[in-house]
Amino acid sequence: MLDIKFIRENKDIVAAAIKNKKRDINLDILFHLHDKKKTLSQKIDEVNRQRNEAAKKRDVIAGSDLKKEVEKIQSESTAVDKEFLALMMKIPNIHSPDTPVGEDENQNKVIRTWGEKPVFSFAPKDHLELGTNLGIIDTETAAKITGSRFSYIKGDLAMLQFALIQHCLKKLTNAGELEKIAKAANVEIPMTPFIPVLPPVFVKPAVQNRMARFLTPEEHYMFPDDDLMLVGSAEHTLGPIHMDSIIEEKNLPIRYVGYSSAFRREAGSHGKDIKGIIRQHQFDKLEMETFCLPENSMQEQDFLVAIQESILQDLGLPYQVVMVCTGDMGFPDYRQIDIETWMPGQNKYRETHSADLTASFQSRRLNTRVRRNDGKIEPVHMNDATAIALGRIHVAILENFQEADGSIRIPKVLVPYIGKDKIE
RNA sequence: GGAGGCGUCGCAUAGUGGUCUAGUGCGCACGCUUGGAAAGCGUGUAAUCCGCAAGGAUUCGAGAGUUCGAAUCUCUCCGCCUCCGCCA
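The opening position of the first sequence corresponds to residue 141 in my numbering, with each subsequent residue numbered one higher.
Just to be clear, a hint being listed does not mean it is correct.
[Stated by the list, open to error] Straight-line Cα separation of at most 27 Å, DSS-like style, residue types lysine-lysine; simulated pairs:
1. Lys294 <-> Lys415
2. Lys145 <-> Lys177
3. Lys145 <-> Lys183
4. Lys183 <-> Lys162
5. Lys176 <-> Lys208
6. Lys183 <-> Lys222
7. Lys516 <-> Lys249
8. Lys230 <-> Lys178
9. Lys249 <-> Lys323
10. Lys516 <-> Lys177
11. Lys207 <-> Lys177
12. Lys176 <-> Lys196
13. Lys212 <-> Lys196
14. Lys265 <-> Lys552
15. Lys178 <-> Lys222
16. Lys151 <-> Lys222
17. Lys207 <-> Lys222
18. Lys222 <-> Lys344
19. Lys145 <-> Lys178
20. Lys145 <-> Lys265
Everything labelled a hint here was simulated from the structure, so no lab data went into it.
Please take these sequences and the hints and turn them into a complete structure.
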């Protein structure tokens with residue numbers, strides 16, 4: 141959610157963002173509702189003042205009349221508030237000046253590439269064929285037991301997953317490692333290490349709503365009997381950690397790295413990526429969620445991207461970094477940077493990482509604020525970014541590091557965790 | 001799942017219908033004192049909204065209700081604690 145004052149003072153910027161993010165909202169209606177809301181609340185304040193006075197004087201008759209009056213205005217005011225808020229929530233975040241304006245993913249801008257795409261002396265296979273042959277991916281049994289878009293990850297691939305998690309956690313909790321990454325990326329912000337978290341995978345729908353992620357309800361697994369839903373990402377329970385609280389400036393930045401399964405119904409993606417484990421209803425992910433000072437949040441995002449790149453470089457996976465354009469970026473995002481990793485079996489780069497800077501957009505709804513050293517209070521800035529998404533990285537590793545005989549080379553950094561250098 | 005207790009300004013606690021404009025302690029900030037510090041003393045210390053300001057309104061877990069008036073009474077919900085049961 142944006143600040144209504146900001147919207148009033150920057151109508152052009154907000155209107156442009158609405159248009160660039162392909163939405164249609166009339167800001168004049170919003171302003172009109174806001175005026176009405178203000179007038180009504182001033183009226184209520186005044187009547188309440190009189191009411192308090194009457195109560196103090198124990199004036200039963202006047203008090204009784206004023207009570208009826210305030211009830212009448214109150215109901216009108218509640219209706220206006222509701223309408224105002226509903227419209228406010230439809231307004232997307234503005235986008236950063238360096239975000240490319242565009243219609244869809246075709247206008248996303250590649251800003252860097254790293255690594256050499258592998259050249260095979262044989263016809264490379266896709267991850268499903270490789271994984272099925274090696275007995276480490278089993279989608280057929282999963283289809284019988286649970287349904288389509290689920291899988292059993294077994295044997296060395298399961299080991300590989302834990303190795304990846306361990307490798308990343310080690311990196312993210314080590315201040316020295318982080319400093320190296322920041323220095324290489326020219327980022328100058330405090331290097332507070334990440335706090336590892338195992339968050340809940342259920343979230344109250346009302347809280348998820350305050351994350352301002354407009355993942356429609358159809359995309360979530362809902363449990364109405366318990367008023368709960370499964371998270372689509374650890375972000376959904378990491379982001380609200382400081383809901384309704386004020387963080388002292390000296391305690392920022394706060395960085396979390398959460399490990400959890402993510403659950404997505406993938407409604408509306410029928411037929412897309414149906415083969416293999418690229419698009420699953422359930423997958424595991426290490427997710428970074430950070431809270432920082434407003435003036436540091438762009439650098440914070442650059443830092444998170446640098447971490448993502450460093451992880452992919454450790455693994456030796458070729459990738460490209462992409463500035464996501466306005467038409468393709470998330471509703472609450474100020475700037476979105478994706479990393480796409482080369483997948484030979486698909487013969488293209490596929491999204492494996494996303495870094496979302498939401499600035500004050502989420503924190504305003506979550507009511508997560510910072511008390512500056514001078515005592516002023518303002519919303520903190522929030523970033524969230526994938527550290528590693530396990531399903532898709534499995535795909536990348538299997539497809540990039542396959543040998544002619546169908547075996548898979550294990551990335552050097554992971555060998556110590558698994559105790560061998562090959563899946564065969 | 002059963003029984004009981006409890007949710008108050010960062011933390012701890014007082015407050016059982018009007019004197020609560022929510023007290024006190026700790027913490028924190030500033031000042032005095034000091035060569036400097038600690039201690040001591042003094043002052044200040046929740047947020048949100050409206051307003052240029054003066055000031056006003058709202059919030060005592062959440063919501064609804066009773067009342068001229070609610071932290072305080074009633075109802076519903078949520079959370080926490082203790083004991084019992086079940087259980088990884």
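Structure-inconsistent hints, enumerated in ascending order: 4, 7, 12, 20
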